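Same order as they appear, the protein sequences are chains A and B.
Taken in order, the first sequence gives residues 1 to 249; the numbers are from our numbering.
Taken in order, the second sequence gives residues 1 to 313; the numbers are from our numbering.
Calculated from the structure, these hints are not laboratory results.
Remember, it's a predicted structure, so these values are computed and weren't measured experimentally.
It is possible that some hints are incorrect.
Lysine-lysine pairs mimicking PhoX-like chemistry, simulated, CA-CA at most 20 Å apart [as the list claims (entries may be wrong)]: (1) A:K241 / B:K310; (2) A:K231 / B:K269; (3) B:K272 / B:K154.
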Amino acid sequence: MKILVPVKRVVDYNVKVRVKPDQSGVDLANVKMSMNPFCEIAVEEAIRLKEKGIAEEIVVVSIGPAQAQETIRTALAMGADRGIHVTTDETVEPLGVAKILKGVVEAESPELVLLGKQAIDDDSNATGQMLAALMGWPQATFASEVEKTDSGFKVTREIDGGLQTLAIPSPAIVTTDLRLNEPRYASLPNIMKAKRKPIDAKTPDDYGVDISPRLEVVKVSEPPKREAGVKVETVAELVDKLKNEAGVI
Amino acid sequence: MTVLVIAEHDNAELNDATRAAVTAASKIGGDIHVLVAGKGAGAVAEAAGKLDGVAKVLHADSDTLEKKLAEAMEALVVSIAGDYDAILSPATTVGKNFMPRVAAKLDVMLISDITAVESADTFVRPIYAGNAMLTVKSNDAKKVITVRPTTFEKAGDGGSASVDTIDAPVPSANSEFVSEELSKSDRPELTQAKIVISGGRGMGNGENFAILEKVADKLNAAVGASRAAVDAGFVPNDYQVGQTGKVVAPELYIAVGISGAIQHLAGMKDSKVIVAINKDEEAPIFSVADYGLVADLFDAVPAFEAELEKAGY
Ligand SMILES: Cc1cc2nc3c(=O)[nH]c(=O)nc-3n(C[C@H](O)[C@H](O)[C@H](O)COP(=O)(O)OP(=O)(O)OC[C@H]3O[C@@H](n4cnc5c(N)ncnc54)[C@H](O)[C@@H]3O)c2cc1C
Ligand SMILES: Nc1ncnc2c1ncn2[C@@H]1O[C@H](COP(=O)(O)O)[C@@H](O)[C@H]1O
Chain A
1 MKILVPVKRV VDYNVKVRVK PDQSGVDLAN VKMSMNPFCE IAVEEAIRLK EKGIAEEIVV
61 VSIGPAQAQE TIRTALAMGA DRGIHVTTDE TVEPLGVAKI LKGVVEAESP ELVLLGKQAI
121 DDDSNATGQM LAALMGWPQA TFASEVEKTD SGFKVTREID GGLQTLAIPS PAIVTTDLRL
181 NEPRYASLPN IMKAKRKPID AKTPDDYGVD ISPRLEVVKV SEPPKREAGV KVETVAELVD
241 KLKNEAGVI
Chain B
1 MTVLVIAEHD NAELNDATRA AVTAASKIGG DIHVLVAGKG AGAVAEAAGK LDGVAKVLHA
61 DSDTLEKKLA EAMEALVVSI AGDYDAILSP ATTVGKNFMP RVAAKLDVML ISDITAVESA
121 DTFVRPIYAG NAMLTVKSND AKKVITVRPT TFEKAGDGGS ASVDTIDAPV PSANSEFVSE
181 ELSKSDRPEL TQAKIVISGG RGMGNGENFA ILEKVADKLN AAVGASRAAV DAGFVPNDYQ
241 VGQTGKVVAP ELYIAVGISG AIQHLAGMKD SKVIVAINKD EEAPIFSVAD YGLVADLFDA
301 VPAFEAELEK AGY
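Bound conformation, chain A alone (with noise of 0.2 Å):
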C-alpha cells in the first residue's frame, strides 16, 4: 500500500502573530516556520503504518514556496520516503490546493491519503474533504485511531458528542486530529539520509490546475482586545464580585 501525506508549511504553533499595520495580512517576517502540526501526526500515522508492515511507500507532497522543501525534508527524516515539491509563491486556498493534490494523486494512486484535519494558520479544516469530493472517494476525518481491515479501514473520529467509528473502503481520505499519536523527532542519522532522498519538482501548471483565489482578502484586522481585569484576594470576594458586580451567577 502506497500513502500519500500532504503536508503544509505553516508559522510555528508557538507564535503568536501580528497583524500588519495597513491591515494586508499578518506580519510573517522573521518569524519561526514549521510543520503543520496536524500534518506532523499525519506524517507519523503513515510511518507507524510502514512499520506495521501495513504500507510500502509514503510520499508527500508539499504545496508551497521554496522553503516548503524544508517541511517535505523534515518529513523524510521522520522516515517519508520520498517526496514532491509543488512550487508556487502564490498563497493557495484549499480549494486549489485540493486540485492539485487530486493531480498528485491520480498520478501516484495511492490507497490512502492522510491529511492534518486543519492547517493552525488559515484554520479552513477544509482541503481533505474537498479532495474526497474530487476524487469521489470515502472519508473519515478528525481520525483518533486509524485500523487497516480488509476492504478498507476502521476509523475513529473525534466527534462534537465524543467518538465515532466509521468503515471505509480504499482508496480513501483520512484527516488526522490530535490524540491519534504523538509525531517523533527526526534523529541525526535519519536528518543526514533524508539529504538524499528525492524530492520531485513540480509546479500548479503541471497539474493544469488554476489556483487564482476565490476569495478576495478585503481586510487582516486585529481581534478586540480583552483587557486584563482585577485580582481578587480570597474566594469570598469572588463570588460576591461574580454576584454583584458582574451579575454572572
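Given chain A, work out where chain B with the ligands should sit, using these hints.
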C-alpha cells in the same frame, strides 16, 4: 436571493447551533429555507418550521442520512444546490465534515467558521487561532459557508413554515457507520451552557474533576477542559475547548489550572466574563481574565463551592 440553512440535530431535537446559522442567513438576506436531513426526524422538521424568518423546510428522510455521514450529505445538498445563492451550516463537527465536500463539488471556495456577515458576499472569519480576523469577499456565484454558532444570536420561534419532503440521492462513495460512544451528562451541553468551568493539566488527574463537577452542579454549568487535560486522559475528547476543539462564549467561563495557551484562548476569549484560578501569578490566562485568583486550586475550588453553598446556590 434564497439561502439554504442545513439543520444540526440528533434526529430528535433541533440543535441551537441551527438557530445561530439561521440568524447569519437572515443577515445575508432573501428567503431562508432549512434542510432537515436525517432518519425519523419529523419532529425536528416541525421545529425548524417554527424558526424566525424561515420560509420553507425541506425534509429528507433516509437510512443513509441517520448519522449525517459526509458522502450522503454531499449528494443530498448538491442535488438541491441549484436553487440557492448561499448554503450555510453550523461549524460543528458534522458541518465541518460535509460542507467542504459540497463546496468542492460546486467548484466554490468554502468560507469556514464565519463570525460576522458584512454583506451578501463579504464575511469575517478568525485565522491564526483567532489572533487575526480576516474579512473576505467571495467572487464565487454560490457561497458555501459554515457559521460559528457562538457569535450569532439564536433565532426564536416566531415562524410557521411548511414542510416539504424531498428525496435523498444515493451517494457516490460510502463510509459505513460502525458505532458511537457519546458522552452522557445531565449537565448542559458545553457550547450551549451559560456557565462553563474548565480544568487543565493542573487538575492532576480525572478523579479531581469531581471538585469542578460539584461547582458545575451548583451553577448549572457545563464542564470543559484544555487539550493537556484531554491528552492526559483526565476527561473525554469532547470536553476540549480551543482552536481545534470547541469554541464557547458563555456568560461566565471559569478556567481552573489552565495556563492560557493561545490555542486555548482561541476557544473561550469571547466569553462575557472570565475567571482564572491558577497558582502561578504569571500564567497568561490572567491577561484575559476579568477576575483572577492566584491560589492552589485544591484549596480554592472547594472553598468556592462552599461559598456558593453559603450564598444559597
Ligand atoms: C495544533 C495544536 C492544537 C491545539 N489545540 C488546543 C485546543 O484546542 N485547546 C487547548 O486547550 N489547547 C490546545 N493546544 C495545546 C496548547 O498549546 C497547550 O499545550 C494547552 O492548552 C495547555 O493546557 P493546560 O493549560 O491545561 O496545561 P499547562 O500549560 O501545563 O498549564 C497548567 C497550569 O495549571 C497551573 N496549576 C498546576 N497545578 C495547580 C494547582 N494545584 N492550583 C492552581 N493551578 C495549578 C499551572 O500554574 C499552569 O498554569 C493545541 C496545541 C497544538 C500544537
Ligand atoms: N499548501 C499545502 N500543501 C500541502 N498540504 C496542504 C496544503 N494546504 C493544506 N494542506 C493539507 O490539508 C490539511 C488541512 O488544511 P486546511 O484545509 O487548510 O485547514 C493540512 O493539514 C495539510 O495536510
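(message) For each hint given before, does the structure comply? Return the numbers of the non-compliant ones in rising order.
(response) none
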